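From first to last, the protein sequence lines are chains A and B.
Going letter by letter, the first sequence gives residues 1 to 122 in this note's numbering.
Going letter by letter, the second sequence gives residues 1001 to 1192 in this note's numbering.
There may be inaccurate statements among the hints.
On the chain A side, residues computed to face chain B include the following (Cβ under 7 Å) [said to hold, decoys possible]:
#1 LEU52
#2 GLY53
#3 PRO54
#4 SER58
#5 VAL62
#6 VAL64
#7 ALA70
#8 VAL76
#9 PRO107
#10 LEU109
#11 ILE119
Calculated directly from the structure, the hints in this document are not laboratory data.
Since the structure is predicted, the reported quantities are computational estimates derived from the model, not experimental observations.
A virtual CB, placed ideally from N, CA and C, is assigned to each residue, including glycine.
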Amino acid sequence: MIDNGDDEAWFDEDAGPLVRAYAVTRGRTKTGTTQLDLITLVAATGLQAQQLGPEHDSVLAVCVEQQSVAEVAAKVGLALGVVKVLISDLIERNCLMVRSRQNAVEPDLEMMQKVLDGIRRL
Amino acid sequence: MESAGSEPKTAVPDATAVKVLVAGGVGTDTPALVGSVSDIPLLHVEEFFVVGGVADLASVGVDLGRITISPELMLYLFGTSTEDRSWFLWDELSTGALGAIVLADARALEDSAAAVDFFRGRGIPFVVGLDGVQGGRPPEADEVRATLGLAPTVPVRLCGGARRESTKQLLIALVESLMAAARTAPPVTAIR
Chain A
1 MIDNGDDEAW FDEDAGPLVR AYAVTRGRTK TGTTQLDLIT LVAATGLQAQ
51 QLGPEHDSVL AVCVEQQSVA EVAAKVGLAL GVVKVLISDL IERNCLMVRS
101 RQNAVEPDLE MMQKVLDGIR RL
Chain B
1001 MESAGSEPKT AVPDATAVKV LVAGGVGTDT PALVGSVSDI PLLHVEEFFV
1051 VGGVADLASV GVDLGRITIS PELMLYLFGT STEDRSWFLW DELSTGALGA
1101 IVLADARALE DSAAAVDFFR GRGIPFVVGL DGVQGGRPPE ADEVRATLGL
1151 APTVPVRLCG GARRESTKQL LIALVESLMA AARTAPPVTA IR
């Protein structure tokens, strides 16, 4: 991951998209205590975000329906690392909740059978 | 202050999301394969990464599709190509993945060797989908196995990029091989 420390002007203007992306997180690249994977499912709790940015609001709006972190990133059009930080902010404020078990899902036969049945129904 | 519906619900994790990677050699159409079975419109996600120094940045994209098996069980498909620079993203994509589909062009099998090596090296179960056969004679499965150094347990299937039915068969072959491995060698399902 990119760790910019506390330095100012950590990128020059040529790095436009990245600056834009990380500006919304104020340069933070670390998420809070919640481990967020690409397929962590999150959903809005109904609490509104107070005094966060428009990007946080966009994330929250998308999460009215349960979504994976990767879907949220695609729908709000921000880089994955950025969206993880925004989601983490919203979880800390109880605006979002994690709906899926943490990533360490040990696929058991029962679950794989459900997946198989689901694919066969396609 | 009271406001209806604002009470945060207890975050009881009651849903499960699983994922399958779709990795293609250069020139293979992984987005078409992901899109062929997805029940949402194909999505695209970007991630930035540092190439060399802090001023040397690039982004890498991944295509994303979803199969909603039930409200509590989602299967996500992530498709990306094997350009060198996307390996860092593959590490994240492959963590916790059920398995992978390697999409290989029958006319350029060697181009998918990097993807095969990646999954084999990490013990991620995979199947090989052979695309690009069209009217020609498809290579024998043994030929493909020899070229790519595949174990006999790795399923090889013909497929046609955007054809839903062939993608479905690849996924079925993958999950069946996972289940077979889980039955014969519990609890470790890693393939050498």
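Hints and how they fare:
Hint status for A/LEU52 relative to chain B: violated, with the closest Cβ pair at about 16 Å, above 7 Å. About 19 Å separates the beta-carbon of A/GLY53 from the nearest beta-carbon of chain B, more than 7 Å, and the hint is not met. Residue-level restraint check for A/PRO54 is violated (minimum Cβ-Cβ distance to chain B is 19 Å; threshold 7 Å). About 15 Å separates the beta-carbon of A/SER58 from the nearest beta-carbon of chain B, more than 7 Å, and the hint is not met.
With a cut of 7 Å, the hint placing A/VAL62 at the interface with chain B is violated, because the nearest CB-to-CB distance is about 11 Å. Interface hint at A/VAL64: violated, since its Cβ lies 12 Å from the closest Cβ of chain B, which is beyond the 7 Å cut-off. The interface hint given for A/ALA70 holds, since its Cβ lies 5 Å from the closest Cβ of chain B, which is under the 7 Å cut-off. Look at A/VAL76: its Cβ only gets to about 10 Å from chain B, farther than 7 Å, so that hint breaks.
Of the supplied interface hints, the one on A/PRO107 holds, with its beta-carbon coming within about 6 Å of a beta-carbon of chain B, less than 7 Å. Interface hint at A/LEU109: satisfied, since its Cβ lies 6 Å from the closest Cβ of chain B, which is below the 7 Å cut-off. Because the closest C-beta pair between A/ILE119 and chain B is about 5 Å apart, less than 7 Å, the hint holds.
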